[in-house]
Amino acid sequence: MEALAVPIRTEADIVSARHTGRRMAAELGFSNSQLTMIATAISELARNVMTYAGSGEVLLELCDNGARRGILVIARDEGPGIADIDLAMQDGFSTGRSLGLGLPGARRLMDEFEIVSELGHGTTVTARKWASR
Amino acid sequence: MRVPILKQGEYLIATVQAGSGDGDMTQLMHDVSYQVGSTRARGVVLDVSALDVLDSYSTRTLRTIAHTTRLRGATTVIVGIQPEVAFAMIQLGLGLDGVPTALDLEAGLRVLRLELDTRDAAAPS
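The listed protein sequences derive, respectively, from chains A and B.
Sequential numbering from 149 applies to the first sequence in our numbering.
Sequential numbering from 3 applies to the second sequence in our numbering.
Hints in this document: simulated from the structure, not taken from any laboratory.
Note that this is a predicted model, so its numbers are computed, not measured.
Think of the CB as a built atom: it goes at the ideal place given N, C-alpha and C, for glycine as much as any other residue.
Among the clues, some could well be false.
Unchecked claim - Restraint-style ranges between C-beta atoms, simulated for each label pair: (1) L267/A <-> R121/B: 49 to 57 Å; (2) E175/A <-> P85/B: 21 to 29 Å; (3) T199/A <-> R112/B: 25 to 33 Å; (4) A215/A <-> G75/B: 57 to 65 Å; (5) E12/B <-> V264/A: 33 to 41 Å; (6) D259/A <-> D122/B: 50 to 58 Å.
Build out the structure end to end from the sequences listed, making use of the hints.
In structure tokens form, the structure reads like this:
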């Protein structure tokens with residue numbers, strides 16, 4: 149399966165990550181709406197990496213669960229980590245200069261969503277979206 | 003790439019290019035805000051039809067541009083949000099906080115005309 153790592157350091161990397169993700173997902177027969185949702189979610193996750201950790205990477209991989217094919221998006225950084233994940237997943241909560249919709253919004257845009265974070269060691273967000281057959 | 007701003011009568015028209023980044027949008031905010039003064043424009047149309055993603059950051063920037071130009075005395079209309087983009091914005095939980103929108107440039111100019119006529123009728127110069 150195709151897999152690509154996009155380093156996230158600048159704003160141009162965010163655009164590059166979402167373009168790469170959209171291009172990969174387009175091979176799986178996602179609708180235009182779904183492709184836009186995937187690209188938007190990647191944009192939010194990559195933006196979080198840059199805003200809160202300064203740098204990190206977005207890993208994009210086509211995946212298969214036996215029944216369906218999909219795209220796996222992993223956004224990871226070695227930043228300060230998230231103190232309270234439940235709080236961070238609430239609409240409107242933000243410690244930075246944002247609308248506080250990044251994480252909960254990205255979860256709504258994807259089918260599966262998981263955050264692992266350790267204070268002082270970084271954050272990894274794993275999200276998948278499955279193409280309808 | 004700096005977003006070009008055209009002057010058309012008492013309106014400014016800015017067409018955001020595909021792949022425009024945050025820096026370009028911030029630059030646009032400054033450019034529009036100053037040009038509203040230098041051209042004495044009363045209305046601004048921001049055409050975002052070339053954008054395939056509006057995430058929370060770029061949406062906030064659009065809102066900020068609209069609110070800033072409002073404080074400068076001009077009305078901003080955002081036009082051309084693509085249907086897929088609108089759908090993703092709603093899933094994300096994003097709105098434009100009362101900033102007027104229109105389908106395309108033509109409709110946006112009509113919205114501005116109507117708004118300015120109403121203002122002129124309320125306070126004739």
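Violations among the numbered hints:
Checked against the structure, the hints that fail are numbers 3 and 5, while the rest are satisfied.
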